[in-house]
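Peer 1: Go by the hints and put chain B onto chain A.
Respectively, the protein sequence lines represent chains A and B. The opening residue of the first sequence carries number 1 in the working numbering; numbering runs sequentially from there. The opening residue of the second sequence carries number 1 in the working numbering; numbering runs sequentially from there.
These are calculated hints, taken from the structure and not from any lab test. Don't take every hint at face value.
[To be verified] Negatives, chain B to chain A, calculated, CB over 12 Å:
id : residue
1  : Leu58
2  : Arg59
3  : Gly75
[Stated by the list, open to error] If we take Cβ atoms under 10 Å as the criterion, some of the chain B residues that face chain A in the derived model are:
id : residue
4  : Val21
5  : Val62
6  : Val82
None of the values given here were measured: they were computed from a predicted structure. For every residue, glycine included, the Cβ atom is placed at its ideal position computed from N, Cα and C.
There are 2 protein chains.
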Amino acid sequence: MAKRQDKPDETCPVARAVDLVGDRWSLLLVRDAFDGTRRFSDFQRGLGVARSILADRLRGLVEAGIFEVQPASDGTSYQEYVLTPQGEQLFPVVVALRQWGEQHLFEPGQAHSQLVETSSGKPLGWMQPMAADGRVIAPGAVSVRKVQ
Amino acid sequence: MAKRQDKPDETCPVARAVDLVGDRWSLLLVRDAFDGTRRFSDFQRGLGVARSILADRLRGLVEAGIFEVQPASDGTSYQEYVLTPQGEQLFPVVVALRQWGEQHLFEPGQAHSQLVETSSGKPLGWMQPMAADGRVIAPGAVSVRKVQ
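The following block holds chain A by itself, in its conformation from the complex (with noise of 0.2 Å):
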């Protein structure tokens, strides 16, 4: 984790997070590994990235944390790039991330990939911070303060 922390008495939440997964192509492969995806050559393939950059930004994954390396799951000697628990803990911020998207960068009736839950085929509820008892809390309503 502190490898790609250049500001490690950081103690802003955002900053530490952005700082591990704060890339196009760190999300776009945490989002992969949610719909499946495991092997290298199939993110590379999904994402059209350059091998060498696939390469980075998987070794940076795993050393912070949030993907592992696994042996094949079908006993074939390739390795598979798992989501930790701490990676798998990265759904809600994909998830707000599509349902921003979904809202906003795509005309009325442009086809779109959606999420749905897989037993209804309805979709996800939208995402919003609440209060501990539920209530939605507009950005105007929060404050950051220090806690030790």
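Peer 2: Here is chain B on its own, set in the frame of chain A:
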């Protein structure tokens, strides 16, 4: 928006979103805007970013419709960079990044900043993808489908 879109026919909302905000500086600029920063010099001081990089990122975010340039609120000749409604709707993305960072990127007891509801002083609830009926949805329970 199209400016930083290298695949304008990209049908994945996550990919379109990260094309616009999927870099460290852009995400931190949006974070700082939510925290009340409005002026070039204040963004620069807060982030310690080179003027040329800051100018490039702010220009891209204005072209993407995430920030808009306004005359200074105090009547001086300064320009201010203010989130548009589309930019304000990145709030769930920033909060999700923050909550992931809070949970995974600090040692127990290590100082960090926390986002609280100003009126109650209480931390926000934990953001999780949910079905329309409020059930929490795990990553393994969703599928991606194309919609026209």
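Peer 1: Could you run down the list of hints and mark each one as holding or not?
Peer 2: Do the hints match the structure? See the list:
no. : hint  : verdict
1   : Leu58 : holds (17 Å)
2   : Arg59 : holds (18 Å)
3   : Gly75 : holds (23 Å)
4   : Val21 : holds (8 Å)
5   : Val62 : violated (15 Å)
6   : Val82 : violated (12 Å)
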